[in-house]
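J.: Chain A is already provided as a structure; the job is to place chain B on it using the hints.
Those sequence lines, one after another, are chains A and B.
Read in order, the letters of the first sequence correspond to residues 3 to 463 in the numbering used here.
Read in order, the letters of the second sequence correspond to residues 16 to 226 in the numbering used here.
If you are wondering where the hints come from, they were derived from the structure by calculation, not from laboratory data.
Small disclaimer: the values here were computed from a predicted structure and weren't measured.
It is possible that part of the hints are untrue.
Straight line, CA to CA, 35 Å or less: simulated DSBU-like cross-link-like pairs of lysine-lysine [what the hints assert, rightly or not]:
id, chain 1, residue 1, chain 2, residue 2
1, A, K197, B, K77
2, B, K35, A, K380
3, B, K34, B, K44
4, A, K308, A, K395
5, B, K44, A, K163
6, B, K75, A, K308
7, A, K37, B, K75
Computed footprint of chain B on chain A; a stretch qualifies when at least three of its residues, placed anywhere within it, have a C-beta under 8 Å from a C-beta of chain B [claimed, not checked]:
id, region
8, 53-63
9, 85-95
10, 124-132
11, 157-171
12, 221-230
13, 246-255
14, 298-308
Ideal placement from N, C-alpha and C gives every residue a C-beta, glycine not left out.
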Amino acid sequence: MKPASRIPHASAAATFIEDNERTSWHDASLWHVRKKRDASAHGLPEWEALRQLASDIKDHTLSQLDTYLEEFEQSATANGVQVHWAATAEDHNRIVHQILAQKRIDAIVKSKSMLTEECGLNPYLEARGIEVVDTDLGERIIQLLEQPPSHIVMPAIHLRKEEIGQLFHERLGTEAGSSDPQYLTEAARQHLRAKFLEGTAAVTGVNFAVAETGTVTVCTNEGNADMGVHLAEVQIHCMGIEKVIPRWEDLGVFTRLLARSATGQPITIYTSHHHAPRPGREMHVILVDNGRSEHLGREDFRNALKCIRCGACMNTCPVYRRSGGHSYGSVIPGPIGSILTPGFDLESSHDLPFASTLCGSCSDVCPVKIDIHEQLYKWRQVASEAGYLPLSKRLSMRVGSWLLARGQRLRVGGALARWMMRTLPKSMFYNSLNTWSNSRDLPDAPETSFRAWYKSNRSNA
Amino acid sequence: MHLKHPFVLGTKAIAPMRKKILADVRANKPAPLPQPQLPTARLVELDAEARLAENAAKSKSKVLRLAVDDSLGQVISTLYPKEQSIGVGEEMSELSDATTKRITAETSVAELADVHLAVLRAELAVIENGACWVSESAMGHRGLPFACEHLALLVPRRQLVETMHEAYAQVTPNRQNFGVFIAGPSKTADIEQSLVIGAQGPRSLTIILTE
Chain A
3 MKPASRIPHA SAAATFIEDN ERTSWHDASL WHVRKKRDAS AHGLPEWEAL RQLASDIKDH
63 TLSQLDTYLE EFEQSATANG VQVHWAATAE DHNRIVHQIL AQKRIDAIVK SKSMLTEECG
123 LNPYLEARGI EVVDTDLGER IIQLLEQPPS HIVMPAIHLR KEEIGQLFHE RLGTEAGSSD
183 PQYLTEAARQ HLRAKFLEGT AAVTGVNFAV AETGTVTVCT NEGNADMGVH LAEVQIHCMG
243 IEKVIPRWED LGVFTRLLAR SATGQPITIY TSHHHAPRPG REMHVILVDN GRSEHLGRED
303 FRNALKCIRC GACMNTCPVY RRSGGHSYGS VIPGPIGSIL TPGFDLESSH DLPFASTLCG
363 SCSDVCPVKI DIHEQLYKWR QVASEAGYLP LSKRLSMRVG SWLLARGQRL RVGGALARWM
423 MRTLPKSMFY NSLNTWSNSR DLPDAPETSF RAWYKSNRSN A
Chain B
16 MHLKHPFVLG TKAIAPMRKK ILADVRANKP APLPQPQLPT ARLVELDAEA RLAENAAKSK
76 SKVLRLAVDD SLGQVISTLY PKEQSIGVGE EMSELSDATT KRITAETSVA ELADVHLAVL
136 RAELAVIENG ACWVSESAMG HRGLPFACEH LALLVPRRQL VETMHEAYAQ VTPNRQNFGV
196 FIAGPSKTAD IEQSLVIGAQ GPRSLTIILT E
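Okay, chain A solo, but in the shape it has when bound:
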């Protein structure tokens, strides 16, 4: 999860919003998805009870995660599945490679998985001569462009159809200048069909893993995960250890929440339940820790592990919508990424908790009731205590607290500020030193302080 060299969010966002038209378009696209989510959620009178239930199931699971992981391993093994444990991203990648090497497989088809993105599986395998084809349409588009996903559910949401049309013209031989989504999707369908028919191993992510039955559940709309898995010799499912849930019937709760929260659909088109390999084939499940068990120990932050990766917090976030997923420079962008990534590596991501207005909309839409905006606030304190605040913020905070500590200081300071605002030239306030004024305007300075006004107008009342 360590981004090699990150541009701070504020700088990357500043670059993104230089293109005014694209910023507005991006904002509107995401807001459209948020509105679909609302319509879908409001259609269920029991929505709030369902969120609470999902949250409670996840809380319970995390409190006995070791037991449920062992139970899952036992159930899956009994079904004929090979279960692997990976402490780190490196371990995970090595295990996948080893499975492929044993079978002399040199090409895989992969469906959407944020975990393999986190572990950097694609470059690891490609460096070892294995061809990796991402099969989700959005993932395939960004793979061909050599970009990371900008959203966890809609990886190519930042791209215009004309850009995709140009890419497909160059890479898949579609007509020049053609950007009709229907036409482009059909071209991708034909291109990917050929890959499925050749594919001998399929790698997928996991939405839920059921301890009771050893089930691996994968949710998609395109059917690409299933096309891959069922035509391949070997199926490999990679999951973070927090994906386990206790009971088969718990799936009823999560499948009702996931797609409604993500895209406003009542359910994903395909909800697949893998229990065992086909006769003569292999099925592997890799349980990955990679910092999760450590995060479980952080009392203020552990419940971020309840996340079911629906992306609703991104679609609603005023900062995400106007800065784009890439501006975060972390595998998982947006509000949830800004509370997960600092847990993995605070040093390189300490600015992320500040990429928020703390409006709380993320927490309001979260289907498992993670207190995202409160954690953003708490991470700011952690970052501050660890000495990561920039000098400008440290100094202004110090001046602020000195000023506010005594009434006399505030009175004198206020009078001085009002005088300065009235008499000094505008360039004293609007210059490159005061980034606050880049896109904001100061109000006119009032004649007197509120204290003086109150004294002469209300103090007799």
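T.: Quick look at chain B alone, frame taken from chain A:
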């Protein structure tokens, strides 16, 4: 039982990693919290079929009812007049003419990709979202419901449930097996949020309610 793995991975054996992860989780987990009760099952309310059709339409599925004296073969050939190659996942006496092909686990991938219309039996349909449960035994080959160009699912009329809670309560997972909820034709909106039907799997789904 983790020691029974057929191979040891790289230089690091599995057992120590397993042990370490579980020990770390144990050391860091919070105090136990209670397991919540799941909602009690809802009975099917009025107008089940109409509501199913309405909700299924949101995911672009069609629902139709097979009348007692309708023949499935006739309905299928009216619905899909051009489909020359029909695949079934199990014996289906109603569809037994020459164009129908029985798909099995041994069917080759190339043959699978040639199936234009697959007709499969689903165990139940969920009214709130139009999802139908299809288990491996009805598919013949696990890849059939995904690789075919069009899909028709036969659901007994009495097997409608209100929500996913009742659906999961009713479906018993066969642990030697694969099972899937299918809620519509394959779709994507990955290009500028424009909905496209027939992304990678079937281009249409028809739910046929049977007696």
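J.: So, for every hint listed, does it hold in this structure?
T.: Hints versus structure:
Simply put, A/K197 and B/K77 have alpha-carbon atoms about 30 Å apart, close enough for the 35 Å limit, and the pair holds. Taken as a hint, the B/K35 and A/K380 pair is honoured in the structure, with Cα atoms around 29 Å apart against an allowance of 35 Å. In summary, the hint linking B/K34 to B/K44 is supported, as the alpha carbons are separated by about 15 Å, within the 35 Å threshold. Of the supplied pair hints, the one linking A/K308 and A/K395 holds, its CA atoms being roughly 33 Å apart against a limit of 35 Å.
Proposed proximity of B/K44 and A/K163 is contradicted: the alpha carbons are some 46 Å apart, above 35 Å. Of the pairs offered as hints, the one joining B/K75 and A/K308 holds, with about 32 Å between alpha carbons and a cut-off of 35 Å not exceeded. Our distance criterion of 35 Å between C-alpha atoms is met by A/K37 and B/K75, whose separation comes to about 20 Å. Coverage of the region 53-63 of chain A by chain B holds in this model, with 5 residues showing a Cβ closer than 8 Å to a Cβ of that chain against a need of three.
Coverage of the region 85-95 of chain A by chain B holds [criterion: at least 3 residues with CB-CB distance below 8 Å; count 6]. Counting residues of the region 124-132 of chain A whose beta-carbon sits less than 8 Å from any beta-carbon of chain B gives 0, not enough to reach three: the coverage restraint is violated. For the region 157-171 of chain A, the stated coverage by chain B is satisfied: 7 residues place a CB nearer than 8 Å to a CB of that chain, which reaches the threshold of 3. Counting residues of the region 221-230 of chain A whose beta carbon lies closer than 8 Å to any beta carbon of chain B gives 6, which reaches the threshold of three, so the coverage claim holds.
Evaluation of the coverage hint for the region 246-255 of chain A: fulfilled, as 8 residues show C-beta separations to chain B shorter than 8 Å, against a requirement of three. Restraint check on the region 298-308 of chain A versus chain B: 4 residues with Cβ-Cβ distances below 8 Å, three needed, restraint holds.
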